[in-house]
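Fit chain Y to the supplied structure of chain X, relying on the hints for placement.
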Amino acid sequence: MKKITVLHYINQFFAQIGGEEQADHPVEFFEGEVKGPGLAFMQLFGDEAEIVGTIVCGDSYFNERHDETLDAIIEFVDRIHPDLVIAGPAFNAGRYGVACGAVAAGVQERLGIPALTGMYVENPGVDLYKDKVLIVSTKNSAAGMRAAVKLMAPLALKLGRGDAIGASCEEGYISQGVRVNFFEKQRGSKRAVDMLLAKLSGKPFTTEYPMPDFDRVDPQPAVKDVSKATIALVTSGGIVPKGNPDFIESSSASHFGEYDITGVDELTSEGYETAHGGYDPTYANQDADRVLPVDVLRQMEREGVIGKLHNKFYTTVGNGTAVASAKAFGAEIGKRLVGDGVDAVILTST
Amino acid sequence: MKLTLGKIFIQDIVFSDETRLESGVLHVNPAQYEQLVLSDDKISSVSFDIAKPGESVRITPVKDVIEPRVKVEGPGGIFPGMVAGVETVGSGRTHALSGMALVTAGPIVGFQEGIIDMSGPGAAYTPFSQTLNLVMVCTPKDGIEAHEYERAVRMAGFRVAAAIGELGRDVEPDEEIEYETLNFVEDLHLFFDLPRVGYVQMLQSQGLLHDTYVYGVDAKQILPTILYPTESMDGAIVSGNCVSACDKNPTYIHQNNSVIADLYAEHGKTLNFVAHIITNENVYLADKERSSNQTAKLCRMLGLDGVIISQEGFGNPDTDLIMNCKKIEAEGVKTVIITDEYAGRDGKSQSLADADVAADAVVTGGNANQVITLPKMDKVIGTLDYVNKIAGASVDTLQEDGSLVVELQVITGATNETGFNKLSAR
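Chains as they are written, first to last, in the numbering used here: chain X, 68 to 417; chain Y, 3 to 428.
Bound-form chain Y, shown alone:
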């Protein structure tokens, strides 16, 4: 399977009477997208705003972050099973509006939506301080239940992202990258002398607003399975969760999965990147056992020499992480795990909720309990009404001078466990 990913570098976003993409500038007429959002009767109103790198702007409570993309050639459409049909994606040609993101925000659902600061000390921790952000603040109808509201905002985000992505269909990309994965027989012949490597991605599926969807299927319901690594670039995996902001994978992270990118960079050179294996993080013990058994089985079936395992969330999923690691190592397949840490505010506590000697190669995204002061910003997109309640905050978070004293936990993407960032700890 071969995918050409054409990146259109977005230089600026401006509001305008007419929606168009011209010379890298995205002109947006918000009125044009309002209907697309309000077509769901669970949302009562929506407002659009723009946040640019370096501005004194805070976005909160952030739900999802999405990169607008469009399928130009090849089967299917972006976000299959969500807003497109269920054809298998990942081949042909896709255009991405690179350097920008659609950020969905709105009144709280659970306690776990995040903060994006576009400047100041917090900006260093979130990858989305570096993107031009079109922010969509959705307000639910009165009396709507939390999970209905979550679903409505999630789907509205995909509809708008797909519509904006459509603007890039006929635009000449600034950069093109080709990704190709052969079938198992072909790649075995071609790369017979290279180690066979897989990527095991654990998808958040604890339920109760902690979900991920694969081709529209709730990941709680899947058995571990194999994808071509290009499928997630077309939105085959999307976020539906409200886990702590720092280590949940917004849809943007699935579309731009850095483990996949960095394994492709070595593909055919130092390793043979064979497959993208996805598994889940359900809360019942039998589910954990079944999924880790199946994942280890797939690694053996594919004749893998090594895998990188990435996690999403913390605490309960630490047990899935260690089960996967132990069982895959027991099949003779070498592992490196990517996680993050909850070592306490003083850094002195044990970082994970489970451990095993088999996990001898760990990459960490840093200690999420580290405390940081986020100075007051000139502008807030969304609302600070819930800022003392979100995960990583406390009753004392909001200071008199308007600054926030919080753990890194509150910052969207800060301790990402797909290795998207440079933050680490020792």
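So that you can see chain X by itself, here it is in the shape it has in the complex:
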């Protein structure tokens, strides 16, 4: 099998050129050479991969001439065209971390070549690049080199081979904010018992899902005069024209529907039904007004209680639909309603 080819990016310190006094060392390319931590990687790669060149750059040099230096590095990487780029590890060195992140992310984005770096979790490079590239979590100083390479080398091989990458806790990289499924060693109930025993005895434990910051929306001020207002109906209860013409999914909806109800006085079982898979559809299918009250609003319209019912309704299925999708639907529906001069909305759920 062909060996995976790797280019390695390191700074002046790890290339043994010098410390801070050499931080202005310009970028240099060493084709065919392995330097510093590259030797440790090579040991663990065995026959599977080899470093085919090393890029060295002073930390200040890179950060002060960020764009042009990155361009030069990308050009070199493109010429060699390795299977993979490894940058660092940078531990807690700030400028080095930012450079490693920039190189790894740049190579991945601009050349489509997978890249990997390693940093201490508080390195400023982590916040800048963790959602763009895989950053292996390392100790805060070069004393952790052996441990860092031990985590990075197998992950590098996986990237180089194009294998599926597991969850952050399995592979040792810093979470990218993307939830990834994997199989644990113990079943969930056993993990729960162990976590509870740790929590009860004041020992450290790690939650498997850190609570998100919850997005709370303040209600709008009340409508001053409802008798002059145009009211729209929007639902997550899945009411659609019979036959579900836009194929809104019964769960985990990928889109919403917009339907004209000009001249529709009530929603009959011949004309409307629900696409929702999260509740017994019997009663909604018998009379969809139970979920989307067109009949009541038409009556209020006639009686002058409201100004008028907007001639379109918007509908989707809330069941199992990701919050990000729901937010996107909400933003788009809101835009259309505002564009149509709607004053207020009745949102119905199920």
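These are computed hints drawn from the structure, not numbers from a lab.
It is possible that some hints are incorrect.
Pairs of lysine to aspartate or glutamate, EDC-like flavour, derived with a Cα cap of 16 angstroms [as the list claims (entries may be wrong)]:
no.: 1; chain 1: Y; residue 1: K350; chain 2: X; residue 2: D280
no.: 2; chain 1: X; residue 1: K394; chain 2: Y; residue 2: D356
no.: 3; chain 1: Y; residue 1: K381; chain 2: Y; residue 2: E177
no.: 4; chain 1: Y; residue 1: K424; chain 2: X; residue 2: D261
Frame of chain X, contents of chain Y only:
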């Protein structure tokens, strides 16, 4: 209360002229059970089939999964309030036909019945790819309403499971486990130096085909209450719901609740497993408030130091989960919650519909929105007629080559929230 659970390891299931259980092989004469099913006039026909681990078989739409058991000694019978009287169960001796399950299937009720694949990539996600399955496909009479049909199939499942369980009455079990919970005074004396731990189980009770029954009582109607942990082993809690397949608790999961098993494993060693508290997940705000208030009260009354809270379903019940967690923590009782996630197909969305800082110890059963391709199977038990409609599928689910592109949601038990599986997410 003490229960001896005798497990009879079932090695094989075969169709035969005579129904009997011999040397771990279950011989089934389907004709013998047909009448038991058709005694309900809402079911027009029933067919039996067998699905074994490793076979190229897909079962869908799956409704319930049940382990046949029989009460050998002690009061009451299996599935009290459903097909047995209402004596309090959970003591004496029970035999279980372990390693097999009765799976009920049939035309769709809501949109939420599941898929069990006996081999291929989907098999890794469902615990019921590992059991020998006797499948019962029920067809409703024309014109029967969905919830009537649901009830008919549910009850038929219990009748048949109880009848099959009866075959194990006089069989010597392969393994015996004793579970014992003392009364509060006795256990306080005996385990005075161990933390007092409870299990708070949230039962699906959103209604409209999302129900659970406790001794025959619709869980919507209960106030949170306390059970001995052995009661559910005798079928005191049964599934009556059609929630998304991945995180509903089929009856089998109630009978083999893994939180109860794993707390018993530590009972008297590192903790004192005091009680099984059950509560519901009703949709009205007042119900949610009342039930979480009562649950927190029970935790305090029992002098608990910690609880594990398990959920069933997602979305609306996320609010019950967080209310329970917040209020129980506010009583000074430490919590660990078990849930699952709807983080979107790309895994980038917020996983729960509610959140609170008090929920600092979470165990997750994985992201149910993850997409998986289930290759075509040689045989389908049930029907693929509805496969584009079930929760977790889409109009594009059924591919030309017969494979299915679906979310894990469709797979029965995939992201179970009683911690039955090893699937997780980070």
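Verification of the hints:
For a cut-off of 16 angstroms, the pair hint linking K350(Y) to D280(X) stands: about 14 angstroms separates their Cα positions. For a cut-off of 16 angstroms, the pair hint linking K394(X) to D356(Y) stands: about 15 angstroms separates their Cα positions. At roughly 34 angstroms between alpha-carbon atoms, K381(Y) and E177(Y) are farther apart than 16 angstroms, so this suggested pair is violated. Distance restraint check for K424(Y) and D261(X): the Cα-Cα separation of roughly 14 angstroms lies within the 16 angstroms cut-off, and the hinted pair is therefore satisfied.
Going down the numbered hints, you'll see the structure goes against just number 3.
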